[in-house]
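Protein chains: 4
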Amino acid sequence: MKPVCLIIGAGAGIGGCVAKRFAGGGYHVVLSRRSDQDGLDRLIKEIQQQGGSATGRLANAVEAGVIENLVTEAAEIGQIEVLIFNLGAQIGTRTLAQTSLKQFELGWRMACLALFRAAQAAMPSMVKNGKGCFLVTSSTAAVRGNEGQHAHAAAMGGRRMLCQTLNAEFGPKGIHVAHIVVDGAVDAPDTLGKLIGPKNFAQLRDTVGSRDGLLDPNQIAESYWHLAHQHRSAWTHEMDLRPWSELPWWNDKPLPTAKI
Amino acid sequence: MKPVCLIIGAGAGIGGCVAKRFAGGGYHVVLSRRSDQDGLDRLIKEIQQQGGSATGRLANAVEAGVIENLVTEAAEIGQIEVLIFNLGAQIGTRTLAQTSLKQFELGWRMACLALFRAAQAAMPSMVKNGKGCFLVTSSTAAVRGNEGQHAHAAAMGGRRMLCQTLNAEFGPKGIHVAHIVVDGAVDAPDTLGKLIGPKNFAQLRDTVGSRDGLLDPNQIAESYWHLAHQHRSAWTHEMDLRPWSELPWWNDKPLPTAKI
Amino acid sequence: MKPVCLIIGAGAGIGGCVAKRFAGGGYHVVLSRRSDQDGLDRLIKEIQQQGGSATGRLANAVEAGVIENLVTEAAEIGQIEVLIFNLGAQIGTRTLAQTSLKQFELGWRMACLALFRAAQAAMPSMVKNGKGCFLVTSSTAAVRGNEGQHAHAAAMGGRRMLCQTLNAEFGPKGIHVAHIVVDGAVDAPDTLGKLIGPKNFAQLRDTVGSRDGLLDPNQIAESYWHLAHQHRSAWTHEMDLRPWSELPWWNDKPLPTAKI
Amino acid sequence: MKPVCLIIGAGAGIGGCVAKRFAGGGYHVVLSRRSDQDGLDRLIKEIQQQGGSATGRLANAVEAGVIENLVTEAAEIGQIEVLIFNLGAQIGTRTLAQTSLKQFELGWRMACLALFRAAQAAMPSMVKNGKGCFLVTSSTAAVRGNEGQHAHAAAMGGRRMLCQTLNAEFGPKGIHVAHIVVDGAVDAPDTLGKLIGPKNFAQLRDTVGSRDGLLDPNQIAESYWHLAHQHRSAWTHEMDLRPWSELPWWNDKPLPTAKI
Chain A
1 MKPVCLIIGA GAGIGGCVAK RFAGGGYHVV LSRRSDQDGL DRLIKEIQQQ GGSATGRLAN
61 AVEAGVIENL VTEAAEIGQI EVLIFNLGAQ IGTRTLAQTS LKQFELGWRM ACLALFRAAQ
121 AAMPSMVKNG KGCFLVTSST AAVRGNEGQH AHAAAMGGRR MLCQTLNAEF GPKGIHVAHI
181 VVDGAVDAPD TLGKLIGPKN FAQLRDTVGS RDGLLDPNQI AESYWHLAHQ HRSAWTHEMD
241 LRPWSELPWW NDKPLPTAKI
Chain B
1 MKPVCLIIGA GAGIGGCVAK RFAGGGYHVV LSRRSDQDGL DRLIKEIQQQ GGSATGRLAN
61 AVEAGVIENL VTEAAEIGQI EVLIFNLGAQ IGTRTLAQTS LKQFELGWRM ACLALFRAAQ
121 AAMPSMVKNG KGCFLVTSST AAVRGNEGQH AHAAAMGGRR MLCQTLNAEF GPKGIHVAHI
181 VVDGAVDAPD TLGKLIGPKN FAQLRDTVGS RDGLLDPNQI AESYWHLAHQ HRSAWTHEMD
241 LRPWSELPWW NDKPLPTAKI
Chain C
1 MKPVCLIIGA GAGIGGCVAK RFAGGGYHVV LSRRSDQDGL DRLIKEIQQQ GGSATGRLAN
61 AVEAGVIENL VTEAAEIGQI EVLIFNLGAQ IGTRTLAQTS LKQFELGWRM ACLALFRAAQ
121 AAMPSMVKNG KGCFLVTSST AAVRGNEGQH AHAAAMGGRR MLCQTLNAEF GPKGIHVAHI
181 VVDGAVDAPD TLGKLIGPKN FAQLRDTVGS RDGLLDPNQI AESYWHLAHQ HRSAWTHEMD
241 LRPWSELPWW NDKPLPTAKI
Chain D
1 MKPVCLIIGA GAGIGGCVAK RFAGGGYHVV LSRRSDQDGL DRLIKEIQQQ GGSATGRLAN
61 AVEAGVIENL VTEAAEIGQI EVLIFNLGAQ IGTRTLAQTS LKQFELGWRM ACLALFRAAQ
121 AAMPSMVKNG KGCFLVTSST AAVRGNEGQH AHAAAMGGRR MLCQTLNAEF GPKGIHVAHI
181 VVDGAVDAPD TLGKLIGPKN FAQLRDTVGS RDGLLDPNQI AESYWHLAHQ HRSAWTHEMD
241 LRPWSELPWW NDKPLPTAKI
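Top line first, the protein sequences correspond to chains A, B, C and D. Residue 1 is where the first sequence starts when you use this note's numbering, and the numbers rise one by one after that. Residue 1 is where the second sequence starts when you use this note's numbering, and the numbers rise one by one after that. Residue 1 is where the third sequence starts when you use this note's numbering, and the numbers rise one by one after that. Residue 1 is where the fourth sequence starts when you use this note's numbering, and the numbers rise one by one after that.
None of these hints come from the bench; they were simulated from the model. Mixed in with the good hints, there may be bad ones.
No distinction is drawn between identical chains; accordingly, a pair holds when it is met within one copy or between any pair of copies.
As the list claims (entries may be wrong) - In silico DSSO-like pairs for lysine-lysine, Cα to Cα no more than 30 Å straight-line:
#1 Lys199 to Lys173
#2 Lys199 to Lys253
#3 Lys173 to Lys102
#4 Lys199 to Lys20
#5 Lys194 to Lys253
#6 Lys102 to Lys128
#7 Lys253 to Lys173
#8 Lys20 to Lys131
#9 Lys20 to Lys2
#10 Lys253 to Lys131
#11 Lys128 to Lys253
#12 Lys45 to Lys2
#13 Lys45 to Lys199
#14 Lys102 to Lys131
#15 Lys102 to Lys253
#16 Lys128 to Lys2
#17 Lys20 to Lys194
#18 Lys131 to Lys173
Given only the sequences and the hints, what does the whole structure look like? Please build it.
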């Protein structure tokens, strides 16, 4: 029986490409995303046509019990050895006044509470199994808060600290928790594409993207695969990912006199 | 008319001592705390006996509208020039299994959402006034997640990022937002005292505390006063505070071979 | 006998303003700078005319024995209670090819080795005295390395870690070591003025500076004074300083899609 | 002609294991270490017996011209596509008084200046080639300074900032610079073994090591291989590595009340 890789947030970007990578590597991947049944079906079919094994269903992670049920269902297929937590909470740039309480809370429910719930649901069987891996997609907003990112940064900052408390408790039990800071624009129609609009996205792809200046989710998936298979004597808990042409978040672009 | 300093979380520790310091410095302080009417009355009387001006009432910050009303009421007394956000969310050390969804959510409502709501309520008049100061008490859990701190660290990590997004939007509008990392045990009966119990607390005071090894909230208040009165040409956005005898959170204590 | 405040790097910017502030507060200030005897004499006279007590001499901190002698001479005047380490190592923006081995080494000798030597010279008497304070001026280059800052960032990064190792050893002995991240352009003719040229500097002052958009070294001095007089139960080991209108180094300016 | 992987600091630990991994992957590895000709010969022979290609010589990296010559010689064998900078500067725990100027400077020459020199020597041909990779082994001392680590932490802190300035200049030119924070004890006789003595080392291996509680350099080498072959659309610039049973440097072990 194949080991299971459960992917929470399996769209056409990182989640979908990680799904293909792990299915290709011998896992049965269980996929979930909030909407777009067609997209989900296409992804599953694509994986199966490549000889991989995949199942999945739509699920709204913020609803009570939904994540817990996903974990239970996935565990019935096989031992969950890898859980990819890939829910984003980006709602674009909004001033404080433009950010509603509802948006602020929803961001937290998706980016932070959902991870807590997924951990509560999945950790016990991983601990019983003596091993397991939690790969948590995160963003620059988890390490510094930019203008207009109130909801997103607050949610991701919580996510990062939660990854550290999860690792502190479960690392010594054999569960590998890694926090991955994706520090750049990902070539993903379902997220960036919707955020900036199809026209801008197409243009970005034709210019920056054509020079590998957008994060290719298939390449991100290679690093996820590596992290999930690091020997337990040398685990990574935090790593960043960005395109070669993109300066890291900590650099000024360009360098103002003010910051030397 | 005196400028107003609104303190959300005015117990017998940092909040109460900051209240005395700012009242002594010429502010009318508006105090709020969740419970203990007697403690609140004692604090107000103490301030008034020292010639200061103070009012306040009990308020449960997580209830809808409560923080918003506090800000409105305080603004009726005078321009809120300083807002001290001092709500803690420490519930002690609990494993993931011991941490309920309710506790995890409550921690976020107190440590993170309440700050967001306070900012939405208070920023507009500060912006209109061209100046204002938000001092946010925070903890080591905002910069790294320790074992058993799932709820607390996730909430404080969100708080820290929120302080950064607030500063990014409101700093250039003249509002000073400072995030203060209290990295040690505070000599505060209402928080640490309740957390570790009166007996342990008394013992801690007699030993460590007698050598200034506990953070004296009156001394913390001096740094709050300094931050609130920094000239706008030289503002601090993050500073840490700990006792001289306490190694910072980033140091091993003692040094294991593993970490050199 | 007045307590002594030794200032290594006392030019017309932070060092000179801190000198005035501490002299005004009752310290005998001992000043040293590499060059400009007239500037040094003017500063001493100015302090004396304000009723303060000051002495000093030119000294090239990178020469063998020079810092050690400065400390010895200062200690003969009185107990060194505060040492302000204010040597900069900014040589402007240079590519790797443009940065000579000599420049790279000189930056380290000024920014890092000189601090190590000052600590070796001054700590013993501070330890004997049971108290003392080391305030170390630092820059954004100590927390992240920007393009063209090879020599400066490598030197300041070493300085920051050295402040932490000094604090780890001497904090528990009663010596307060604080690392101050000056994250913006300082209104200082001797440093920024020389770096960008008098014309650009004058223009910067007339525009940004006129709106408090440059760090006023006299205001920085107020925070140095505060740090030096924090009660030992609540010490700060790292704080940042920047103008209200300046976004912190960690923020994008403006926000690119790539970094949300 | 095989691409060249130049390893500066090729002992029996990380350097040697990375050498085997890259030789096995098709690189001609050029090895250098300060001393132990026999050890070097054994390593080369071992690689060759496994069908790999390796050459090398003893070299004292702190001597003028030595690193520059190593790079020149390696380039004559083939294009240097990967440079592994693996020089350590750990001299054990020493108080400030016990740390000599000579030791402090030597640490910097090995950990920081040598990297600067290696970059000056190797970058031009990498830039001309349009690609290249610099993998820099680093330690926890690069991100926080522990007691007794004055020389080591100051040197590694400089190394980390230098990696960032190198990346800022050369990343956009196609050169991948990665800073790897090795946050734990490595199962390496040449370094840890010598640091704590053969007896303690043997005991550590039998206890902690037998449970994968020491970093296995062969496993570290797998992550180096991954980093060196990340597609340029998704590069990692900093990652940490530690054993599963080892809490990260940022966690208290165990959790004191003081730090919740």
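Hint check:
In this assembly of identical chains, Lys199 and Lys173 lie within 30 Å of each other by CA distance solely across copies; the values are 29 Å between and 48 Å within a copy. Within a single copy, Lys199 and Lys253 get their C-alpha atoms as close as 25 Å, and across copies as close as 24 Å, so both meet the 30 Å cut-off. Taking the shortest Cα distances, Lys173 and Lys102 sit within 30 Å of each other only across copies (26 Å), while inside one copy they are farther apart (37 Å). Taking identical chains as interchangeable, the C-alpha atoms of Lys199 and Lys20 lie at most 30 Å apart only when both belong to the same chain, with a minimum of 27 Å there against 48 Å between chains.
Proximity of Lys194 and Lys253 under a CA criterion of 30 Å is satisfied in both settings, with 26 Å inside one chain copy and 23 Å between copies. For the identical chains of this complex, Lys102 and Lys128 are inter-copy neighbours only, at 26 Å across copies versus 38 Å inside a copy, given an alpha-carbon limit of 30 Å. Only between protomers do Lys253 and Lys173 lie at most 30 Å apart by alpha-carbon distance; the minimum there is 15 Å, versus 42 Å within a single protomer. Within a single copy, Lys20 and Lys131 get their C-alpha atoms as close as 22 Å, and across copies as close as 28 Å, so both meet the 30 Å cut-off.
Taking identical chains as interchangeable, the C-alpha atoms of Lys20 and Lys2 lie at most 30 Å apart only when both belong to the same chain, with a minimum of 15 Å there against 32 Å between chains. Taking the shortest alpha-carbon separations for Lys253 and Lys131, only the inter-copy value of 22 Å comes in at or below 30 Å, while the best intra-copy value is 42 Å. For the homomeric pair Lys128 and Lys253, the shortest alpha-carbon distance between copies (24 Å) is at most 30 Å, but the shortest distance inside one copy (48 Å) is not. In this homomeric assembly, Lys45 and Lys2 come within 30 Å of each other (Cα to Cα) only inside a single copy, at 18 Å, whereas the closest approach across copies is 41 Å.
When the C-alpha separation of Lys45 and Lys199 is checked against a cutoff of 30 Å, the pair qualifies only within one copy, where the shortest distance is 28 Å, while the shortest distance between copies is 58 Å. Taking the shortest Cα distances, Lys102 and Lys131 sit within 30 Å of each other only across copies (28 Å), while inside one copy they are farther apart (37 Å). In this assembly of identical chains, Lys102 and Lys253 lie within 30 Å of each other by CA distance solely across copies; the values are 28 Å between and 34 Å within a copy. In this assembly of identical chains, the alpha carbons of Lys128 and Lys2 lie at most 30 Å apart only when taken from the same copy (18 Å versus 47 Å across copies).
Taking identical chains as interchangeable, the C-alpha atoms of Lys20 and Lys194 lie at most 30 Å apart only when both belong to the same chain, with a minimum of 22 Å there against 46 Å between chains. For the homomeric pair Lys131 and Lys173, the shortest alpha-carbon distance inside one copy (8 Å) is at most 30 Å, but the shortest distance between copies (41 Å) is not.
The earlier numbered hints are all upheld by this structure, with none contradicted.
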